[in-house]
Structures are given as structure tokens and as C-alpha cells.
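A.B. asks: Chains C and Z, in that order, give the protein sequences. Numbering of the first sequence is given in UniProt numbering, commencing with residue 1 and proceeding in unit increments. Numbering of the second sequence is given in UniProt numbering, commencing with residue 1 and proceeding in unit increments.
Misleading hints may appear alongside valid ones.
To be verified - Quick look at which bits of chain C chain Z covers, simulated, 3 or more residues with Cβ under 8 Å:
1) 31-37
2) 56-64
3) 81-88
4) 113-125
5) 137-145
6) 148-162
7) 175-185
None of these hints come from the bench; they were simulated from the model. Quick reminder that beta carbons are idealized off the backbone N, C-alpha and C, glycines included.
Number of protein chains: 2
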Amino acid sequence: MDREAQAQVGTAGPGPGVRIAAARGAETLDVIRTRGVVRSYTDEPVGDELLDSLLEAMLAAPSASNKQAWAFLAVRAPERVRRLRAFAPGIIGVPPLVLVACVDHARMTGDPHLRDVGSLCVAMAVENFLLAAHAQGLGGCPVSSFLAEPVQLLLGLPGHLEPLLLVPVGRPDQPLQPSPRRAPQEVVRHEYWHPTHPG
Amino acid sequence: MDREAQAQVGTAGPGPGVRIAAARGAETLDVIRTRGVVRSYTDEPVGDELLDSLLEAMLAAPSASNKQAWAFLAVRAPERVRRLRAFAPGIIGVPPLVLVACVDHARMTGDPHLRDVGSLCVAMAVENFLLAAHAQGLGGCPVSSFLAEPVQLLLGLPGHLEPLLLVPVGRPDQPLQPSPRRAPQEVVRHEYWHPTHPG
Chain C
1 MDREAQAQVG TAGPGPGVRI AAARGAETLD VIRTRGVVRS YTDEPVGDEL LDSLLEAMLA
61 APSASNKQAW AFLAVRAPER VRRLRAFAPG IIGVPPLVLV ACVDHARMTG DPHLRDVGSL
121 CVAMAVENFL LAAHAQGLGG CPVSSFLAEP VQLLLGLPGH LEPLLLVPVG RPDQPLQPSP
181 RRAPQEVVRH EYWHPTHPG
Chain Z
1 MDREAQAQVG TAGPGPGVRI AAARGAETLD VIRTRGVVRS YTDEPVGDEL LDSLLEAMLA
61 APSASNKQAW AFLAVRAPER VRRLRAFAPG IIGVPPLVLV ACVDHARMTG DPHLRDVGSL
121 CVAMAVENFL LAAHAQGLGG CPVSSFLAEP VQLLLGLPGH LEPLLLVPVG RPDQPLQPSP
181 RRAPQEVVRH EYWHPTHPG
């Protein structure tokens with residue numbers, strides 16, 4: 001990657017003559033870049049208006065063949081969140097909101113390829129949800145460590161809705177810590193994956 | 001969902017007294033909401049600086065257990081894009097850039113659950129890539145309709161890198177058309193999935 005270009009991308013604001021669209025892009029890039037895992041939350045609730053904005057962003061995600069083979073449940077009642085946590089060791093703190101993101105098998109054929117692609121769309125919807133949360137001062141993380149069957153029973157999910165990810169979200173109770181990451185040149189290459197540099 | 005709250009979210013700008021953070025959130029929400037599928041592109045190339053900004057956003061995606069079991073190849077050489085298209089009926093127009101998003105099986109154990117979760121992280125990274133593109137006036141879409149083996153051979157991908165999604169991106173050559181979507185109340189519920197409303 002071009003280090004100089006990356007340094008420019010990392011600077012705070014647009015220079016003179018930059019178009020409005022570019023300025024808007026810079027802010028969105030900043031939100032995407034600074035999102036981080038949040039596992040510990042204040043007890044401030046997530047209100048209806050804020051939740052609706054997250055759900056709207058979520059449903060704008062790409063959907064393969066526009067099948068929208070997905071379903072989402074927003075859980076905020078403290079007693080239900082408490083029970084969910086009992087089946088989800090991946091939820092560490094006590095969040096005011098848990099999104100339950102499901103694949104809807106009733107909207108797929110039996111083709112396992114389609115099933116896999118449907119899961120990818122659910123993941124993209126969850127990322128939209130997390131970005132919309134971070135943009136508004138909330139944080140969370142996708143959790144795959146949970147027991148699907150008890151969760152289905154607890155939430156009255158019909159058999160064709162498979163919970164794929166739980167997403168606890170709330171106001172972070174401490175500053176975001178960026179996750180250490182592999183060097184970009186280890187995971188991104190251009191044009192051809194040279195066999196002399198095993199990934 | 002609360003219709004009134006949603007209408008407020010849909011308005012253009014923050015009212016008086018809204019904090020900076022909220023204003024920033026409104027812009028990011030707008031980028032997320034207005035992203036759409038782009039399948040037809042002008043022949044304007046995607047420059048290094050712009051590509052780097054997309055890649056940086058992409059690598060900021062969540063990663064389960066921070067394994068980063070992913071690898072990405074950015075293809076811009078027109079002849080290589082042309083060959084890629086021959087194996088990818090899902091790529092309709094002629095894009096100036098194709099991202100090849102891969103799962104890295106060398107960074108997973110044999111646990112099939114981890115393999116699936118790794119795919120979800122790649123999907124979230126692709127969504128970041130697409131949002132960063134849309135924020136800067138580009139567009140694209142995730143493509144799963146391609147022949148993985150010829151793509152691996154063409155790009156010199158080692159066996160442990162499985163191409164999961166191809167992502168053509170470029171400057172849209174026509175206005176974005178929003179995809180028709182299922183009614184939100186069909187796919188989102190609160191607290192409990194009532195069995196009297198089959199999803």
C-alpha cells in the first residue's frame with residue numbers, strides 16, 4: 001500500500017478546495033476507522049428513537065438477490081437481557097440492548113450456497129447496526145458464543161429463524177481501545193498473491 | 001417500531017442544540033441508508049489514495065477473537081479484471097476495481113463454527129469497504145456468483161485462501177436505485193417473536 005497516501009487519509013480534515021462529498025466521506029471514514037469492541041456498558045438505556053435509527057441503518061445492508069432472508073429481534077427488557085446472558089458467555093457486561101440477528105431459512109431454497117450467502121448478508125446488517133451505534137456514541141460487538149436452542153426458546157423464535165449473532169450494545173463505560181491488528185501488507189495485496197510471500 | 005421516531009430520524013439535519021456527535025452520526029446514517037447496489041460503472045479509474053482509504057476502512061471491521069482470518073486482493077489491471085469477469089457471472093458491468101475477499105483457513109482451527117464466524121467477519125469488512133466507497137461517490141456490490149477454483153488459479157491464491165466474495169467497485173454511471181424492501185415490521189420485532197405472527 002502507498003504509505004504516503006495512507007498518511008494523508010489519516011489526517012484530520014479536508015484541505016482547501018475539497019468538495020462537500022469528500023468532506024462527508026472523511027467523516028464516515030472516521031466513524032468506520034474508530035469503531036472498536038465495547039464489552040462494558042453504563043446503565044443508560046437505549047431509547048426508541050436511537051434504536052430505530054440503528055434498525056433503519058441495519059436494514060439498508062446489501063441482500064443477496066434481495067432475498068432479505070433475515071429477521072431481527074431487539075431485546076431491552078432487563079429481565080430478558082439477563083436471561084439471554086445466561087446462555088451467551090460471549091456477552092460480558094450488562095448491556096441495555098441486545099440485538100438478536102437471525103437467518104430466515106424459510107426464505108431460502110435448500111441450496112447450502114444460498115444459506116451461506118444469507119449469513120453474510122446478516123453479518124453486513126450487523127456491521128451497519130454497529131457503525132450506526134458508534135456514530136451516535138454507543139458501542140457493542142458481535143457475539144457468536146451462545147447456545148442457539150435456549151435462545152430460540154427464550155425468545156419464541158420459530159424453527160426457521162436461526163440466531164446467528166447476538167449484538168450487545170450500550171453506552172461504553174470506558175474509552176475505546178483499538179484492537180491490535182496484523183500489518184496491512186500481510187493481509188492486503190495487489191493484482192496477484194505472490195507465492196513467494198506465504199500469507 | 002415508533003413511526004414518529006423514525007420520521008424524525010429521516011429528517012435532513014440536526015435541530016438547534018444538537019451536539020457535534022449527533023450531527024456526525026446523522027451524516028454517517030445518511031451514508032449507510034443511501035448505499036445501494038451499483039452494477040454499471042464509468043471507466044474512471046480508482047486511484048491509489050482512494051483505494052487505500054477503502055482498504056483502511058475494510059481492515060477496521062470486527063474480527064472474532066481478533067483472529068483476522070482474512071486476506072484481500074485488489075485487482076485493477078484491466079486485463080486481469082476482464083479475466084476475473086469471465087469466471088464471475090455476478091459481475092455485470094466492467095468495473096475499474098475488483099476486491100477479492102478471502103477467508104484464511106490457515107488462521108483457523110478445524111472447528112467448523114470458527115470457519116463460519118470467520119466468513120461473517122469477512123462480510124463485515126466488505127460492508128465497510130462498500131460504505132467507504134459510497135461515502136466517496138463510488139459504488140459496487142458483493143458478488144458470490146463466481147467459480148472459486150479458476151479465480152484462485154488466476155490470482156495465484158494459495159489453497160488456504162478461499163475467495164468468499166468478489167466486490168466490483170467504480171463510479172456509478174447512473175443514479176442509485178434503492179432496492180425495494182420488506183416492511184420493517186415483517187423483519188424486526190421487539191422483546192419476543194410472537195408465534196401468532198409467523199415471520
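A.B. asks: Each hint: holds or not?
C.D. replies: Status of each hint after checking the structure:
{"no.": "1", "hint": "31-37", "in the structure": "holds (count 6)"}
{"no.": "2", "hint": "56-64", "in the structure": "holds (count 8)"}
{"no.": "3", "hint": "81-88", "in the structure": "violated (count 0)"}
{"no.": "4", "hint": "113-125", "in the structure": "holds (count 9)"}
{"no.": "5", "hint": "137-145", "in the structure": "holds (count 4)"}
{"no.": "6", "hint": "148-162", "in the structure": "holds (count 6)"}
{"no.": "7", "hint": "175-185", "in the structure": "holds (count 5)"}
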